[in-house]
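Student: I would like the entire structure built from these sequences, with the hints used as guidance.
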Amino acid sequence: MSTANKPVIAVLGAGSWGTALAVLIAHNGYHTLLWGHDPARMAQLGHARENTRYLPGVRFPDNLLIREDLLATAQEATNILLVVPSHAFRATLEAIGTHLAPAAVVAWATKGLEPATGRLLRQVATDVLGA
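Note that my numbering gives residue 194 to position 127 of the sequence shown, counting from 1, and the numbers run on in steps of one.
Check each hint, because a few of them may be wrong.
Pairwise CB distance ranges, derived in the manner of DEER restraints [claimed, not checked]:
#1 K178 to R108: 13 to 23 Å
#2 H154 to R120: 15 to 25 Å
#3 P123 to D194: 33 to 43 Å
#4 R116 to L187: 34 to 44 Å
#5 A110 to R186: 33 to 43 Å
#6 H114 to S83: 16 to 26 Å
#7 A170 to G124: 30 to 40 Å
#8 A162 to A107: 10 to 20 Å
#9 G197 to H154: 20 to 30 Å
Treat the hints as calculated values from the structure; they're not laboratory data. Every residue, glycine too, gets a C-beta built ideally from N, C-alpha and C.
Tutor: What follows is the structure, encoded as structure tokens:
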């Protein structure tokens, strides 16, 4: 499926859930970037073209690209999907917040509350990114 004229979607978080969502998004024809916090692990995913730890046997589509640099990934994407653990949610948003394109859309598939404060992730996102 062609990725022409479709937004670039970055999935931040390369665990089982993030990888599954990235594969699904790519299979739906979007240019998809997958970032994870461990550069060595991301290099391994790029080389193997699958997440052998969490989704063995599920090959990455050609339009799913592995990224090791968080800020470059955030700058390249027009849509950001955070799929990081709730304890890393605020720090990830703080890291990318000033690097997002003005029209970037940020969404998340992270579940739970911020462990340190008990705040909803929506509240954390508003704290960090504003309205």
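Student: Now tell me if each hint is right for this structure.
Tutor: Results of checking the hints against the structure:
no.: 1; hint: K178 to R108: 13 to 23 Å; verdict: 22 Å, holds
no.: 2; hint: H154 to R120: 15 to 25 Å; verdict: 20 Å, holds
no.: 3; hint: P123 to D194: 33 to 43 Å; verdict: 38 Å, holds
no.: 4; hint: R116 to L187: 34 to 44 Å; verdict: 36 Å, holds
no.: 5; hint: A110 to R186: 33 to 43 Å; verdict: 34 Å, holds
no.: 6; hint: H114 to S83: 16 to 26 Å; verdict: 19 Å, holds
no.: 7; hint: A170 to G124: 30 to 40 Å; verdict: 37 Å, holds
no.: 8; hint: A162 to A107: 10 to 20 Å; verdict: 19 Å, holds
no.: 9; hint: G197 to H154: 20 to 30 Å; verdict: 22 Å, holds
Violated hints for the displayed structure: none, as all numbered hints are satisfied.
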